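Student: Take a look at the letters that make up each chain.
There are 2 protein chains.
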Amino acid sequence: MIASARTIMLVDDHAVVREGYRSMLQKQPGLCVVAEASDGAEAYRLYKETGPDLVIMDLSMPGIGGIEAIRRIRQWDKRAKVLVFTMHQNAAFAVQAIRAGASGYVTKTSPPEALVHAVMDALSGKIAISPDIDHELALSHLAGETAAADLLTAREFEVLRMLLAERTTDEIASALHISPKTVANLHSLIKDKLGVGSDIELVRLALRQGILTQIDLSEP
Amino acid sequence: MIASARTIMLVDDHAVVREGYRSMLQKQPGLCVVAEASDGAEAYRLYKETGPDLVIMDLSMPGIGGIEAIRRIRQWDKRAKVLVFTMHQNAAFAVQAIRAGASGYVTKTSPPEALVHAVMDALSGKIAISPDIDHELALSHLAGETAAADLLTAREFEVLRMLLAERTTDEIASALHISPKTVANLHSLIKDKLGVGSDIELVRLALRQGILTQIDLSEP
DNA sequence: TCAGCGCCGGGAAAATTTCACGAGCGTGGC
DNA sequence: GCCACGCTCGTGAAATTTTCCCGGCGCTGA
Numbered sequence: 009m010i011a012s013a014r015t016i017m018l019v020d021d022h023a024v025v026r027e028g029y030r031s032m033l034q035k036q037p038g039l040c041v042v043a044e045a046s047d048g049a050e051a052y053r054l055y056k057e058t059g060p061d062l063v064i065m066d067l068s069m070p071g072i073g074g075i076e077a078i079r080r081i082r083q084w085d086k087r088a089k090v091l092v093f094t095m096h097q098n099a100a101f102a103v104q105a106i107r108a109g110a111s112g113y114v115t116k117t118s119p120p121e122a123l124v125h126a127v128m129d130a131l132s133g134k135i136a137i138s139p140d141i142d143h144e145l146a147l148s149h150l151a152g153e154t155a156a157a158d159l160l161t162a163r164e165f166e167v168l169r170m171l172l173a174e175r176t177t178d179e180i181a182s183a184l185h186i187s188p189k190t191v192a193n194l195h196s197l198i199k200d201k202l203g204v205g206s207d208i209e210l211v212r213l214a215l216r217q218g219i220l221t222q223i224d225l226s227e228p
Numbered sequence: 009m010i011a012s013a014r015t016i017m018l019v020d021d022h023a024v025v026r027e028g029y030r031s032m033l034q035k036q037p038g039l040c041v042v043a044e045a046s047d048g049a050e051a052y053r054l055y056k057e058t059g060p061d062l063v064i065m066d067l068s069m070p071g072i073g074g075i076e077a078i079r080r081i082r083q084w085d086k087r088a089k090v091l092v093f094t095m096h097q098n099a100a101f102a103v104q105a106i107r108a109g110a111s112g113y114v115t116k117t118s119p120p121e122a123l124v125h126a127v128m129d130a131l132s133g134k135i136a137i138s139p140d141i142d143h144e145l146a147l148s149h150l151a152g153e154t155a156a157a158d159l160l161t162a163r164e165f166e167v168l169r170m171l172l173a174e175r176t177t178d179e180i181a182s183a184l185h186i187s188p189k190t191v192a193n194l195h196s197l198i199k200d201k202l203g204v205g206s207d208i209e210l211v212r213l214a215l216r217q218g219i220l221t222q223i224d225l226s227e228p
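Chains as they are written, first to last, in this note's numbering: chain A, 9 to 228; chain B, 9 to 228.
Among these hints, one or two may not hold up.
What the hints assert, rightly or not - In the DSS-like style, the derived pairs of lysine-lysine whose C-alpha atoms are separated by at most 25 Å in a straight line are:
#, chain 1, residue 1, chain 2, residue 2
1, A, Lys-134, A, Lys-35
2, A, Lys-189, B, Lys-199
3, A, Lys-199, B, Lys-199
4, A, Lys-199, B, Lys-189
5, A, Lys-189, A, Lys-201
6, B, Lys-56, B, Lys-134
These are calculated hints, taken from the structure and not from any lab test. Keep in mind it's a predicted model, so treat the numbers as computed, not measured.
Sequences and hints are given; from them, build the entire structure.
Tutor: See below:
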């Protein structure tokens, strides 16, 4: 009763992590890893080439982030399924990822079965969210806290992420293929929406909300 | 053989902490707490009024910070002895405090006897440094890492601290009694010295070096 | 005494931030 | 269909900030 194998693409900038995915997934019958990418741009290119049934995507990667990659892939193929698998135990990222078109969001701290389970859910059209993220979402909802992710549009959040990653206005502009002037406008708009007056407050807000974590500081 | 009692002033913005100091110190014969202040400005004022033999000073306080307070006190009385007692287990702060004229630097995680011991050392003219800070200093020295504290002058470091505390240029200017223009000049100079191009990089550098900690984010 | 350095700030050029405005474009309701 | 709405992107000009260069002042060590 094995149908034709489902194809999967892995996207993560650490080869060892991709190896981990692979070893976990190949224990499942009916799954086949057909492509691997180490950054968002490569993921987009390889998706167009191989058209897998499912993409498993990390978020923090060099160049364009995972969320932007999801948006591009979904723009090219509206039926694309992308499952986010990331270290970020943060509701803000989950909201943005789902909004960008992700089919699920699983944190790397989840038990191994959770990924496999989420893969199956995603393949069958369901949306899978990690319990810890569910909890975060519920909490922030109950607290009535207006998270950055709720105030910002997808584009704005993307720019915020790149700003926090110490990228210059021009770098962001060329990465997103828009004018530096637009990035400056978004930068200003973001600060306005979040109610902060300076970049310093912006970083601190991002830290409080977990958009930027202490760990990110040592990464590129 | 008890000489005349040595007078001490306590400076900490939390009353309960001052109470702790007091209870520890009064077990020592020959010591007498003659004044208490809850911020840097009050400390300066009370020092001029009471002229204690030793000041025990916290660093993170509202208004002007502890380091600025040390500078002012030492400017008024070159022979003033100030012992820093703080939560900051960070070499950068120790370097700056000593540079500002502190007679010692003890962290709040140190065992109770350490404070008493440091008080005695300070009173007898010795400079007392916590073992953990000694270790930090040794480490960063061995690593050859150029810490922010080594590159910046006392004034620059002070301004950096206040910038990171989300204070505006004008607020800093009036707190330090200098022109906003000078603050802007210092801000620019700091970024230049630390080799960062934006405020965002500045905050991230400060976080990496422990000048700003995650904990500070929720405090005023 | 004098050179060096930190500190303070003015002035002007350069860069950035902000604001106002408008054109596409996709989405959802009628 | 068709309209209204919000998001995106961009321009241009004004307002503000950042940066650079300058000189004066006070302290310190040779």
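Student: Which numbered hints does this structure break?
Tutor: none
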